[in-house]
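Asker: Sequence:
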Amino acid sequence: MAKGFRRLPGFRDFAPEDFAARAHVFEVWRRVSRCYGFAEYDGPPLEPLDLYVEKSGREIVGQLYSFRDKGERDVSLRPEMTPSLARILAERSRSLPKPIRWFSVPQLFRYERQQRGRLREHFQWNVDIVGEEAVAADAEILAVALDGLRELGLTDTDVRARVSDRRLLTALLRALGVGEAQTLDAFTVIDKLEFEDPERSRERLANEVGMSPEGAAELLSLLAGGLGDVSARFPGRADVTEAEARLREYVAMLEAMGLGAYVELDLRIVRGLAYYTGIVFEIFDRRRGLRAICGGGRYDRLFELVGGSPLPAVGFGMGDVVLTELLREHALLPDATRSVDYYVVPVSAEERPRALELAHALRVRGRSVTYSLRQQSVGKQFKMAAAQGARRVIVLGPAELERGMAVLRDMTSGEECDVDLEELVEDDR
RNA sequence: GUGGGCGUAGCUCAGGUGGUUAGAGCGCCAGGUUGUGGCCCUGGAGGUCGCGGGUUCAAGUCCCGUCGCUCACCCCA
513 MAKGFRRLPG
523 FRDFAPEDFA
533 ARAHVFEVWR
543 RVSRCYGFAE
553 YDGPPLEPLD
563 LYVEKSGREI
573 VGQLYSFRDK
583 GERDVSLRPE
593 MTPSLARILA
603 ERSRSLPKPI
613 RWFSVPQLFR
623 YERQQRGRLR
633 EHFQWNVDIV
643 GEEAVAADAE
653 ILAVALDGLR
663 ELGLTDTDVR
673 ARVSDRRLLT
683 ALLRALGVGE
693 AQTLDAFTVI
703 DKLEFEDPER
713 SRERLANEVG
723 MSPEGAAELL
733 SLLAGGLGDV
743 SARFPGRADV
753 TEAEARLREY
763 VAMLEAMGLG
773 AYVELDLRIV
783 RGLAYYTGIV
793 FEIFDRRRGL
803 RAICGGGRYD
813 RLFELVGGSP
823 LPAVGFGMGD
833 VVLTELLREH
843 ALLPDATRSV
853 DYYVVPVSAE
863 ERPRALELAH
873 ALRVRGRSVT
883 YSLRQQSVGK
893 QFKMAAAQGA
903 RRVIVLGPAE
913 LERGMAVLRD
923 MTSGEECDVD
933 LEELVEDDR
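Sequential numbering from 513 applies to the first sequence in the working numbering.
No lab work stands behind these hints, which were simulated from the structure alone. Treat the numbers as computed from the prediction; the structure is a model and nothing was measured. Don't be surprised by glycine CBs; every beta carbon is placed ideally from N, CA and C. Check before you lean on any hint, since a few could be wrong.
[As the list claims (entries may be wrong)] The calculated label-pair distances, taken between Cβ atoms and stated as ranges, are: (1) Gly878 / Arg542: 20 to 26 Å; (2) Glu726 / Glu841: 43 to 49 Å; (3) Thr849 / Ser925: 17 to 23 Å.
Working from the sequences, and respecting the hints, build out all of it.
Answerer: Take a look at the structure:
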């Protein structure tokens with residue numbers, strides 16, 4: 513490694529091969545978004561620090577890529593898109609027809625120690641429906657995310673969405689005697705359930721949430737099963753019954769869309785961010801080696817918290833880093849071998865003006881054309897043509913030019929024929 | 001933020017117990033003559049061995065620090 517300038521840690525260069533992968537992912541994201549009727553938006557990559565401090569929760573605030581600018585403003589590179597969305601919509605949501613379907617592919621920044629799949633910068637596909645509280649909006653959002661992955665070539669054997677509902681969890685906690693003040697503490701324990709020893713979880717539910725041993729045991733057994741007998745266990749609780757019905761409807765909608773094989777109920781999912789209020793989901797690599805590819809859910813309070821008028825909302829974020837790694841493992845990235853339609857070979861300096869003329873005429877018609885920038889031997893020029901992945905080579909020599917002709921060589925078959933120069937430009941296939 | 005591992009040419013890596021001008025393969029560049037590529041042959045460029053100290057007659061090789069990468073924790077995308 514030469515001295516001089518080094519890339520900042522956690523940031524990436526995108527040489528053509530890498531850029532091709534990124535462009536491919538972005539194209540699919542945008543195409544799928546539009547298929548679902550979402551419109552693209554963006555905001556500034558730098559925002560006032562306050563936008564995040566007040567809302568995002570301490571975990572994120574500790575990772576903000578923030579500093580003071582020359583105008584003495586405390587600013588931060590955006591660590592997530594949702595606050596910007598809320599800020600933008602706070603100003604104009606009233607004049608927009610509901611539901612608002614917006615998506616974005618912002619580059620986001622977090623100042624944290626980098627690791628595989630976790631950098632200081634990444635691109636994230638954000639899709640949100642704002643202004644609709646019907647559960648169909650929740651289903652729509654997960655469907656977009658799943659179709660994005662499906663369009664990239666991942667199947668239900670590669671990835672799965674684990675879905676849960678904070679309202680159902682809250683209702684269950686109430687039914688088991690956990691008060692509102694302890695709800696978030698309970699979520700914290702639930703979030704760790706699958707990584708922690710059950711005995712330890714029971715202790716934490718007792719000590720940190722104040723549940724009785726029986727209550728803790730019952731909660732654990734409820735969460736371990738599917739949706740099975742949840743409402744049967746609490747026949748009198750309307751909140752439980754209602755939340756359960758909504759979750760069932762949600763799953764039924766995804767099944768109706770043909771995405772049922774991707775979806776799995778798992779009440780242990782609560783998501784880290786504090787602002788979620790309803791159905792939440794995370795999409796994982798089935799083989800589990802990688803982290804979550806995507807996470808999202810309903811956040812009906814956020815707009816009020818940011819100072820706007822209350823608006824129900826549901827959305828997700830999908831990062832490009834882990835996703836691209838996964839696609840690479842599954843050989844789902846297009847090969848980035850560059851190629852050109854034509855490589856023009858002037859035999860000697862005499863033919864160069866005609867070569868330039870021909871190249872330009874073809875380029876104007878949308879063909880990709882290159883030629884050697886120096887006059888070299890024909891053999892050398894053919895080497896370069898091959899190296900650049902030219903599909904065809906056009907040889908211009910004195911003998912052919914005299915007749916207004918050129919030699920056209922197909923580089924894959926090796927076949928050669930004489931062609932009329934004008935016809936070549938007019939109707940190249 | 002805490003702990004472990006690693007750091008030699010653009011890439012992948014060799015370089016027992018410290019000893020002269022640091023190597024290979026791939027890639028790159030130039031030739032193998034004047035009108036034909038992907039093979040082959042020949043030659044070449046490219047490294048202050050991450051950086052800075054220290055031990056030693058002598059360090060890529062040992063010690064310390066630092067930076068970077070990486071894994072786990074934390075947390076999340």
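Asker: Falls inside 20 to 26 Å, the C-beta gap from Gly878 to Arg542?
Answerer: 22 Å, holds
Asker: Mind checking the hinted window 17 to 23 Å against the Cβ distance between Thr849 and Ser925?
Answerer: 18 Å, holds
Asker: Check the following: the C-beta atoms of Glu726 and Glu841 are separated by a distance inside 43 to 49 Å.
Answerer: Hint holds: Cβ distance 45 Å, inside 43 to 49 Å.
Against the hints set out earlier in the document, no violation occurs for any number.
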